[in-house]
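Student: The lines below spell out each chain.
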Amino acid sequence: MALVSEQYSGEYMEAANALSRLFPGEEPLVIAYHLKKYFPVRGIFRVVGYVRAVDDVSFMIPKGKTLGLVGESGSGKTTVGRLLLKLIEPTGGKIYFEGRDITKLRGKRLKEFRKKAQMVFQDPYGSLDPRQTVYDIIMEALKVHHMVPDDPYSYIVKLLEEVGLNETHVYRYPHEFSGGQRQRIAIARALAVNPEFLVLDEPTSALDVSVQAQILNLLKELQRSRNLTYLFISHDLGVVRYMSDYIAVMYVGKIVELGPAEEVFEKPLHPYAQMLLASIPIPDPELAKRKPAIKVIGEPPSPINPPPGCRFHPRCPKAFDRCRREEPPLVEVETNHWVACWLYKA
Amino acid sequence: MPEYVYVKNPLDKLSDAIIDAYASFMDKVKPGWKSKNRGRIEEWKLMFYTLNRSPLGIAGAVLVAFFIFLAIFGPYLAPLSYRTGLVLCDLKARLAPPGTVITIPHKDYCIRMGVHPGKFKFLLGSDNYGRDLWSRILYGARTSLLVSILVVSIGSGIGIILGLISGYYGGIVDEVIMRITDMFLAFPGLILAMALSATLPYAIQGWFKRHMEIAEILGYLFAVKRIDYPALASLLSVIIALWAVWWPGYTRLVRGSALSVRENTYVEAAKALGVSDLSIMLKHILPNMIGPILAYITMDLGGAILTEAALSFLGLGAVPPLADWGRIIYDGSQYFPYAWWLVAFPTLFIFLTVFGFNLLGDALRDAFDPRTRRSIEFKVKKIVAKEEAQEA
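Protein chains in written order, with the numbering used here: chain F, 1 to 346; chain X, 1 to 392.
Keep in mind that the hints were calculated from the coordinates and are not lab data.
Among the clues, some could well be false.
[What the hints assert, rightly or not] Among the chain X residues that face chain F by a calculated CB cut under 7 Å, a handful are: (1) Lys36; (2) Gly39; (3) Arg252; (4) Leu259; (5) Ser260; (6) Asn264; (7) Tyr266; (8) Ala272; (9) Gly274; (10) Val275; (11) His284; (12) Pro287; (13) Gly291.
[Stated by the list, open to error] As a list, the in silico DSS-like pairs of lysine-lysine whose alpha-carbon atoms are at most 25 Å apart: (14) F:Lys267 - F:Lys289; (15) X:Lys36 - F:Lys86; (16) X:Lys107 - X:Lys119; (17) F:Lys86 - F:Lys104; (18) F:Lys36 - X:Lys271; (19) F:Lys108 - X:Lys271; (20) F:Lys108 - F:Lys86; (21) F:Lys143 - X:Lys34; (22) F:Lys116 - F:Lys220; (23) X:Lys92 - X:Lys45; (24) F:Lys108 - X:Lys283; (25) F:Lys63 - F:Lys116; (26) X:Lys271 - X:Lys283; (27) F:Lys143 - X:Lys271; (28) X:Lys36 - F:Lys158; (29) F:Lys63 - F:Lys36; (30) X:Lys107 - X:Lys283; (31) X:Lys271 - F:Lys116; (32) X:Lys283 - F:Lys116; (33) X:Lys271 - F:Lys86; (34) F:Lys65 - F:Lys115; (35) F:Lys115 - X:Lys283; (36) X:Lys271 - F:Lys111; (37) F:Lys108 - F:Lys143; (38) F:Lys111 - F:Lys63; (39) F:Lys115 - X:Lys92; (40) F:Lys143 - X:Lys92.
Quick reminder that beta carbons are idealized off the backbone N, C-alpha and C, glycines included.
Extracted from the complex, chain F is given alone in its bound form (with noise of 0.2 Å):
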């Protein structure tokens, strides 16, 4: 709460206070609060429903910290991680980026905004237009920020070394590059901006497994070296407990349980988070036959109509009354272990 100083708006100072125990003695640089983003269902003639993608969610990001999202397919990560770089409208709700809320943000404002904030995708096939070469590439997000060095090609041939790839590589297309190349390039260009925040949307996730722990050790490094803040989206639970600080686990637009990564990941409190986590596979099979195994039933409902009450409640195996009725709100039930269950009490 010290943080907070006079230049904030009130309202900023409201969300900040809000979710300051989130994370205590962590300094925000993103914040999330009641975030919502509805994608309209259209019939012939009018809307007919909506789906609900990101249903009331707030959290903060701290400052050169990482935040593991981690979710099913559906659950609203992406969307969420699309939400806070603007690149989608959020139908309600706020973010605040260094204090000041992006969702109004407008041309020179919101330029200055996308220079601080990028995003590495999960798609490195896709994510570079076949018809430029790497030096275009990354002079393309040079010129629109107007950071042109006097000597680029220096410049682009520092950062590619830096992403690990060389010299010999700047004049060459994106389809003549390897998966995981192209995903440093993908990093690269990012980079070029010398942004503070990033959204690695699920990065690894189209690479091979040992290509995988290259490019999550190259992302840590430039971490420490660049003081950047990650939100880290995937659902492949190993990858998020090695890269995260922080954990979100995120059901059909909410988010369940939000704590440590080494308290969640030891001591799920959530039930969804309990059977998520028991789903990873464990190679040793001693060890896999002295863990309780928990059964995954049912699948996720869906996001246009989601269950009344709790929206876990139909798979979950502890469901009772009150979990049908009412909507469960994030409690803190241990220090800084978040959940939203009624099984805790706060």
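Given the coordinates of chain F, assemble chain X onto it according to the supplied hints.
Tutor: Below, chain X alone, put in the same frame as chain F:
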């Protein structure tokens, strides 16, 4: 270990030489250009290899090249001007069959027309005014090419711009543009063009009177004599009429491609970088769909020649005495079947030209498509032993 080498035919070597010459020229103008565009040069060469391996494409290219040659140099090669009628010099000149030789007497009015006294041969015959059909076809090539280039360039330009905006922005913008396009598509194009080209000439004639310089420029381009400048008005009105009916097809085509290209992640990546909408459209979306559009434009040039000839045949567009392939057929049809050459030869030229554009367009579509280009790459390459590869 076996290796691959390119097996090049003479055409490949020719195209290589052309591209290399261009590359060295660019390198001289802008040092470092060659190394920057190494990949691009490679793609261009492959594009030509693909074209060189399609016999129909080569045939089309030859026909098109021949037509363009006629259009550029035809008026200079023509033995007579398009309006020189020789009936008064020799009565045999009226509706003379191909190959007829007439004698031009030493008379003032013949010499004033620019004909040398002596023998003159009608290579492809003559019409009822004694005008040389071969000369008129050569002049007509210029008219046809210019009309089709003007119609297709402006028409496709409008269509591409509207289609890009429509496909990229979507939503209400898309809805408005596409409904207007539908309105134009629903109305029969030829009828609309007829209505416009029948009503526009009077307005354009008045406009020409106020702006002589425009008439002069057009007259120079179409190789028309000063005395016939009023006739240019109807030619220009055909061009304007065809613009009005030409763009909707392109708008539909480009919108469809833009819709699919904009879904690529690199478009979103550009947005995340803060690249402006205009820049995304011009630098990312347009280059990634231009191949099929260029191929379509090539075919369409043939289509525009055909439509213009059809309008001229209906008595709109080129008015006498302008030379135009469609007009020659229309005027000659009164003497058909006796004077068959007046119909047969212009028809043959229209057919060959349109056919050439279609063949070339088909081959270009393959050449612009990176997938077929890649498959050709393997046809061009041959497995050889390593020593042989080194020799090559």
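Student: It remains to establish, for every hint, whether it holds in the given structure.
Tutor: Now for the hints, and whether the structure bears them out:
Given the 7 Å rule on beta carbons, the hint for Lys36 (chain X) holds: about 5 Å separates it from the nearest Cβ of chain F. Restraint check, Gly39 (chain X) versus chain F: the minimum CB separation of about 5 Å is within 7 Å; hint holds. Checking Arg252 (chain X) against chain F: minimum C-beta separation of about 22 Å lies over 7 Å; hint violated. Proximity of Leu259 (chain X) to chain F is violated relative to the hint, the smallest CB-CB distance being about 16 Å (cut-off 7 Å).
Given hint, Ser260 (chain X) at the interface with chain F, is violated; its Cβ is 12 Å from that chain's nearest Cβ, farther than 7 Å. For Asn264 (chain X), the interface hint holds, the least distance from its beta-carbon to any beta-carbon of chain F being 6 Å, beneath 7 Å. Checking Tyr266 (chain X) against chain F by beta carbon gives a least distance of about 4 Å; that is within 7 Å, so the hint holds. About 5 Å separates the beta-carbon of Ala272 (chain X) from the nearest beta-carbon of chain F, less than 7 Å, and the hint is met.
For Gly274 (chain X), the interface hint holds, since its Cβ comes within 7 Å of a Cβ in chain F; the closest pair sits about 3 Å apart. At about 5 Å, the closest approach between the beta carbon of Val275 (chain X) and any beta carbon in chain F falls short of 7 Å, and the interface hint on this residue holds. Nearest Cβ of chain F to the Cβ of His284 (chain X): about 5 Å, under the 7 Å cut. The hint holds. Using the Cβ-Cβ criterion of 7 Å, the hint placing Pro287 (chain X) at the interface with chain F is satisfied: the shortest such distance is roughly 5 Å.
Interface restraint check for Gly291 (chain X): the shortest CB-CB distance to chain F comes to about 10 Å, outside 7 Å, so the restraint is violated. Proximity of Lys267 (chain F) to Lys289 (chain F) is assessed by CA-CA distance (about 19 Å); at most 25 Å being required, the pair is judged to hold. Our distance criterion of 25 Å between C-alpha atoms is broken by Lys36 (chain X) and Lys86 (chain F), whose separation comes to about 34 Å. A threshold of 25 Å between alpha carbons decides the hint, and for Lys107 (chain X) with Lys119 (chain X) the separation of about 14 Å falls inside it, so the pair holds.
About 10 Å separates the Cα atoms of Lys86 (chain F) and Lys104 (chain F), which keeps this hinted pair within 25 Å; it holds. Straight-line distance between C-alpha atoms of Lys36 (chain F) and Lys271 (chain X) comes to about 21 Å, which keeps the hinted pair within the 25 Å bound. Simply put, Lys108 (chain F) and Lys271 (chain X) have alpha-carbon atoms about 14 Å apart, close enough for the 25 Å limit, and the pair holds. At most 25 Å may separate the alpha-carbon atoms for a hinted pair to count; Lys108 (chain F) and Lys86 (chain F) meet this at roughly 14 Å.
A distance of roughly 22 Å separates the Cα atoms of Lys143 (chain F) and Lys34 (chain X); the hinted pair therefore holds under the 25 Å criterion. Taking the CA atoms of Lys116 (chain F) and Lys220 (chain F), the gap is about 18 Å. The hint holds against a cut of 25 Å. In summary, the hint linking Lys92 (chain X) to Lys45 (chain X) is not supported, as the alpha carbons are separated by about 56 Å, beyond the 25 Å threshold. Simply put, Lys108 (chain F) and Lys283 (chain X) have alpha-carbon atoms about 21 Å apart, close enough for the 25 Å limit, and the pair holds.
Restraint check for Lys63 (chain F) and Lys116 (chain F): the C-alpha separation of about 13 Å stays at or below 25 Å, so the hint holds. For a cut-off of 25 Å, the pair hint linking Lys271 (chain X) to Lys283 (chain X) stands: about 12 Å separates their Cα positions. This hinted pair checks out: Lys143 (chain F) and Lys271 (chain X) have alpha carbons roughly 14 Å apart, not beyond 25 Å. Annotation: proposed proximity of Lys36 (chain X) to Lys158 (chain F) holds, straight-line Cα distance about 17 Å (limit 25 Å).
Note on Lys63 (chain F) and Lys36 (chain F): the hinted pairing holds, with a Cα-Cα distance of about 23 Å set against a maximum of 25 Å. At roughly 65 Å between alpha-carbon atoms, Lys107 (chain X) and Lys283 (chain X) are farther apart than 25 Å, so this suggested pair is violated. Between the alpha carbons of Lys271 (chain X) and Lys116 (chain F) the distance comes to roughly 14 Å, so the proposed pair stays at or under 25 Å and holds. The hinted pair formed by Lys283 (chain X) and Lys116 (chain F) meets the criterion: a straight-line CA distance of about 23 Å does not exceed 25 Å.
Restraint check: the Cα-Cα separation between Lys271 (chain X) and Lys86 (chain F) comes to about 10 Å, which is no more than 25 Å; the hinted pair holds. A distance of roughly 19 Å separates the Cα atoms of Lys65 (chain F) and Lys115 (chain F); the hinted pair therefore holds under the 25 Å criterion. For the hint linking Lys115 (chain F) to Lys283 (chain X), the alpha-carbon distance of about 20 Å falls within 25 Å, and the restraint holds. With a C-alpha separation of about 10 Å, the suggested pairing of Lys271 (chain X) with Lys111 (chain F) holds against the 25 Å cut-off.
For the given pair, Lys108 (chain F) sits about 15 Å from Lys143 (chain F) by alpha-carbon distance, which is consistent with the 25 Å threshold. About 21 Å separates the Cα atoms of Lys111 (chain F) and Lys63 (chain F), which keeps this hinted pair within 25 Å; it holds. For the hint pairing Lys115 (chain F) with Lys92 (chain X), the CA-to-CA distance comes to about 82 Å; that exceeds 25 Å, so the pair is violated. In summary, the hint linking Lys143 (chain F) to Lys92 (chain X) is not supported, as the alpha carbons are separated by about 73 Å, beyond the 25 Å threshold.
Of the numbered hints listed earlier, those contradicted by the structure are 3, 4, 5, 13, 15, 23, 30, 39 and 40.
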